Amino acid sequence: LAMAFREVNARRHVGLQQLSALALAGRMLLGPMKSYKFVVDESTNESVLTCSAVRLIESLDLSSAAGQLLNETIQAQNKEFKTGMSTLLFLVGAWSNAVLECLQQNVPVSVIVSVMSEGLDSCCEKVQCLQLSIHDVNKELCSSSVRTNIFENKTSQVPSKSLLNPQVCFQKGISASEEVALPRNAHSHPEDSCNFSNSCLVSTLTGFGSIASLVKPVDDKSKSVISGSGVITSSYNKKKLSHSRYFSTLAKSNFPSHLGNFKGYLSGQSAYPCDCGGFGHLAIGLSHGNQTSVKLLQNIVAYQQQRAECSGSSQFNITEIVTCCLLGLPESYSCVCPGFITLVLPEQATVIKYLQGKPLCILLMDGDLTEQYRHLGFNRPRSVRTILEPPSAHEGRSGDLWLSSVLDVLIRFEVNLILVKGNVCEKLMERCIANNILVIGSVTLNVLHAFGEVSGAQPVTYLTQLNARYLGSGAQVELWRACDGRAMELGELVPVSIKVQGIPLLTAMLTTAVASKMQLVEDQFWTFVYRLHHALNEGKVFLGGGAVELLCLSHIQMLAEQSLKPASTNAEKEFHNPSGLAASSTEYKSVVLQALASGWNQYLSVVLCNSAKATSGFEAHTLIKRHLKKAADCGSPSAYILKEFRRGGMIQSSSDPFADPGESLNVYDNVTAKMEAWRRALDLVLLVLQTDAEIITGPKRNQLLNSHVSGEFMFL
Amino acid sequence: MSRVEAKKPSLCITEPLTKDVVHQSLSVLSGALKSCYGPAGRLKQLHNGMGGCVCTTSQSSAVLRCLPVSHPILKVLTASVQNHISRFSDCGLFTAILCCSLIENFKSINFLSCTVIKISKHLLNLCTDYLRSEACGCRVSVDFSNLETLFCLVRSILTSKPACMLSKTEVDHLTTLIVKAFLLTVPCHVETNAVLGKCIIVPVKGRRVVDSTVFPGLLLETPENQLAKPLSVKRTSSNVIKIALFCVSMSGDLFNPEEGSITVHHGISLEMSELDQLLNVGKQLVNDEIGLVVCQKVIHPSLKQYLKENHVVAVDRAGLSVMEPLSQMTGSKPIASIYSFSPSCYGSLKDVCAESFASKHFVHLIPNDTVVCSLMLCNRNETTWDELKRAYETAEHVLQLTLKEPLALLGGGCTETHLASYIRHKSYNLSTSSFKAIDCSQTQYQLVADAFCRSLESVACSLNHDDGDIFTDMVYGHCWLVPSGFSSVSSWSDLVLKCGCGINNNTQNLNWRVLQSQFSSPVLQSCPKEPSVKATDFLTLDCFAAKCSGLQVAVETANLILDLSCIIEDQN
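Chains as they are written, first to last, in my numbering: chain E, 1 to 716; chain P, 1001 to 1572.
In case anyone wonders, no lab produced these hints; they're calculated from the structure. Some hints here could point you the wrong way.
With a Cα cut of at most 27 Å, we get these calculated BS3-like pairs of lysine-lysine [said to hold, decoys possible]: (1) P:Lys1121 with E:Lys79; (2) E:Lys700 with P:Lys1075; (3) P:Lys1121 with P:Lys1426; (4) P:Lys1168 with E:Lys540; (5) P:Lys1308 with E:Lys79; (6) E:Lys421 with P:Lys1297; (7) E:Lys540 with P:Lys1360; (8) P:Lys1360 with P:Lys1180; (9) P:Lys1168 with E:Lys565; (10) P:Lys1308 with E:Lys421; (11) E:Lys421 with P:Lys1360; (12) P:Lys1360 with E:Lys79; (13) P:Lys1168 with E:Lys126.
Examples of chain E residues toward chain P, derived with CB under 8 Å [claimed, not checked]: (14) Lys79; (15) Gln131; (16) Ser133.
Here the structure is a predicted model, which means the values were calculated and not measured. We put the CB at the ideal spot given by N, CA and C, even for glycine.
Given the sequences, and given the hints that come with them, work out the whole structure.
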């Protein structure tokens, strides 16, 4: 065996060309108005609908080394942040092209590498001033009265059938498990509060129509009353209270004299003195136009904040969210329900009906529920033979023996409900159905934990381990119904809702009638959830909508101008070039900085074009230029951008490319995720740029030796 | 029946070095390695061409490992370089490039190989004697009371691996961490035979480099669900945590006999009896007041549950790599049987706590007196993390070597050019008796010495990758890099502020000349001087031991290859 060795042409760098070609496919994924893409496999005629960089990359051919690295980079960003992958993909393409142009102009590779990475560092430092603390974001949104109208616009735009329907499923869902008491005074004027114009979230609520008036007064209680059990039997019509977080805080802000009654709320609110619905608004800013998810997430936030106030747990807990994808219902049926909702076989529906309304004994298993399953790391003995005793000693086959022993255990301990992390033996499933035991497989670990915590159950690996101590109690199951009460008969699977009183889990029911969109809807939901999660963890967000990129552009413009002025003293030289090279890179510096800037420039112009705010690339560039000029004239570009972008609605449509008059809401971005996406994109481009040869090892080498491309390779 | 084939005669190739194919392969290899050298080195993508994982690197250890060469001469070369790398970790490219250059330059002067070999051995001795002498002008001594030199050593290693994709602040952060981790492994109280402790790397891929941290003690990764929250560990009456360390699998499977089989009667379950034995072990551990059980392999879930109920923390799948440091740090002996073990095997710990980073969960074991630490190493993706890990291992090894021999050589090409000017000077001032001793004429000696020096200088020239120029000064014999497109400018000396290693600046007239391997250079009147100021801040430094060995290996390997007169290949 020997190696095949291929030099990469320095001028027309193949790797960079590959990167730019791959990234081109992701152009339409930028910005709030994404276009879907069909990826068609010509050999099998299968096609996939994608709208995210991760899924797109998954379905592309990435056999080239550059493609592999691109995939690795995108996956790493996805694993860490779940957002920013489209930005990353786009910038990889834009910067690859820009670097290729630098190479055309004979800029040395080392200069490109050092100037670009220093330029990016400098930009990342510069844009710090566009960070807003979450606290400020909330305050600003609350104090702005202009925004009320905007919110009204926004909510009325949501094409949701459920909004017009008084029995919105979320409210139903929440009320099923927790009825939160509000002081009577606080809500004796629910209509007033809805019209109260100083709080934006109120107007969001008005979009929900009559729900606001459904709030049921409860006598002065300062804590939430949780009355979970027994709710299932009552029909949804009877449930009157639909608690909304916005509502309660609203009540509080409107009626300060009753603050004393709100001990629970107060403690929870201390971190957010501006208590206008917590970070519900922040969510809108981070949604980037995904309205269905905004509704879901606001509900989740409201529910979790309310819990946090009661229990003191963290305010937004991502591990307590699960999704359940329901195909066949229109998207307007998406909603959030407390508890764990999953899909089961239709045969199990009878079991559920039997168990409905009873407090159930629950068993958690953290392995498979099959006879052959052994824990990880267990090596099956290979050379053991079993001698059978005289024929009378054995009855039935060993498989049946196991089945009946398992059933014996389950029946002895009166287990009604089993959540299994892995697979479940089909035969056992049948026997369990016959014995009215509900078995659910492929349950994720965080769900098992949540059930363990509230029911007192401890996960076991084998049933032989089972002991009454490990079982939990108080679980409830029911068939999940859509908000209009229709039971689901959506083909093969039936949604079931499982709860234990006080369980922190929330299930986002994601519905769509279009099968190929299911994955996409789920991905978008999670992206959004993670964006909010990061924002809260970091405690800060970037002013979005292109503000950050615009500031980078203006900053680089300034750096490029500076680099053209010769440094006067030796000391100054040394300061600018600690590497020991004085005048070296100055003549190239501005070329390379322009290349770096072109990445963001293209980014902005594509976003503008994709969202139809500019009709052509040319128009977009003109708009960007105009903004840059204004920023430069203003003296302090960051102040200009802060001012212009912060007053979202104040910028009038014609002059401002980044704000649409219809929805001049503030848009926010994650800080670290964005800067990491930039850094990863540039790192990848520079990594490929610095590569001058591929070394191919293994059996492929012999194929290359005999193939027509063998001339490209050197063999040692 | 298989066909019997006649044996093929062996193939004998005489004078292999004169063959064109050898020459070509050698220059391809040399070119590839030269292009990797230094902070501006180009990277290589190593992959199988079929969509397998891609390793992007410029480090000799990775490149040479993945580069299976077929020609015996190249095999000799790569094998001896790899051997050097396995002993010193650093200076692999230096060794390989120098070796290739020596072969090429020696071959071009067309002498009998035995003469060349004799002279080059003499030159090598001159070099090593000089490097080891107090008068050596290209080395600095490492002062362990001042961390700056250590920082320089580590920083030089990190910056010479461009595929790690580190920014300046990241390099600084890691440099501090690596030195800190190293110092944690040095025992505080040295007895007769001091043994360095160990630093365990905890991989966290996907995070920013600046999130990397060092922890004294050991971090063991565990699945989240195994730990009770908050983690409470049973302590003995003397307020220490007793630990039992198992290196045998406790998963409850049977030992697997290689051959033969076990026959059991129906109704007897070997698994159950094995589990019973495990539970007996559990009882014994609980009785012995054990607070923490660590198993290298897997613990049976039933035993884990039993231990958990009895407030014993159990961590399994610890892996082989932590066993030695774990036993070193706790004073426990790894238990290799679940049938009998004595309480004398147990060790003790000061504290145990739970930590979590990114999405990973760890048990942090804190010993009383530590020489063990954990370095949580982060980088943004798989490729760059792997490269960073290799760089870390090199840095760790270099620090250990430096502790043994507290010297460092000036980097950035300065040692090579300085040595070359020293040898040039020496070879002109050698007494005639020396020539007699090696049985050669002065001309012969000087020609070989010139080839030797050009080879050294060509290593320094390999630092340059963008068509720039490399200069050396006639005072200190240091190496100066000028970027491309400027050498024609008359005042190019204005362009360079510092020499390669950063110790000299161009304030005085140093009488530069272009360093190009095809021209031989003028000879200095006197020995190259030692730099007047030996400020050790922000210097580029190389590991002394590694570079000395590299020089030796390169010269000896080149000699060996020159000496090859025929290759006999078995063709069957």
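Hint-by-hint comparison with the structure:
1. P:Lys1121 with E:Lys79: violated (56 Å)
2. E:Lys700 with P:Lys1075: holds (21 Å)
3. P:Lys1121 with P:Lys1426: Judged against 27 Å, a Cα distance of about 15 Å means the pair holds.
4. P:Lys1168 with E:Lys540: holds (26 Å)
5. P:Lys1308 with E:Lys79: violated (32 Å)
6. E:Lys421 with P:Lys1297: Holds - the C-alpha atoms of Lys1297 (chain P) and Lys421 (chain E) are around 22 Å apart, at most 27 Å.
7. E:Lys540 with P:Lys1360: Between Lys540 (chain E) and Lys1360 (chain P) the Cα gap is close to 24 Å, so the pair holds against 27 Å.
8. P:Lys1360 with P:Lys1180: holds (23 Å)
9. P:Lys1168 with E:Lys565: Distance ~25 Å between Lys1168 (chain P) and Lys565 (chain E) Cα, so the pair holds.
10. P:Lys1308 with E:Lys421: holds (20 Å)
11. E:Lys421 with P:Lys1360: holds (20 Å)
12. P:Lys1360 with E:Lys79: holds (13 Å)
13. P:Lys1168 with E:Lys126: holds (17 Å)
14. Lys79: holds (5 Å)
15. Gln131: violated (17 Å)
16. Ser133: violated (21 Å)
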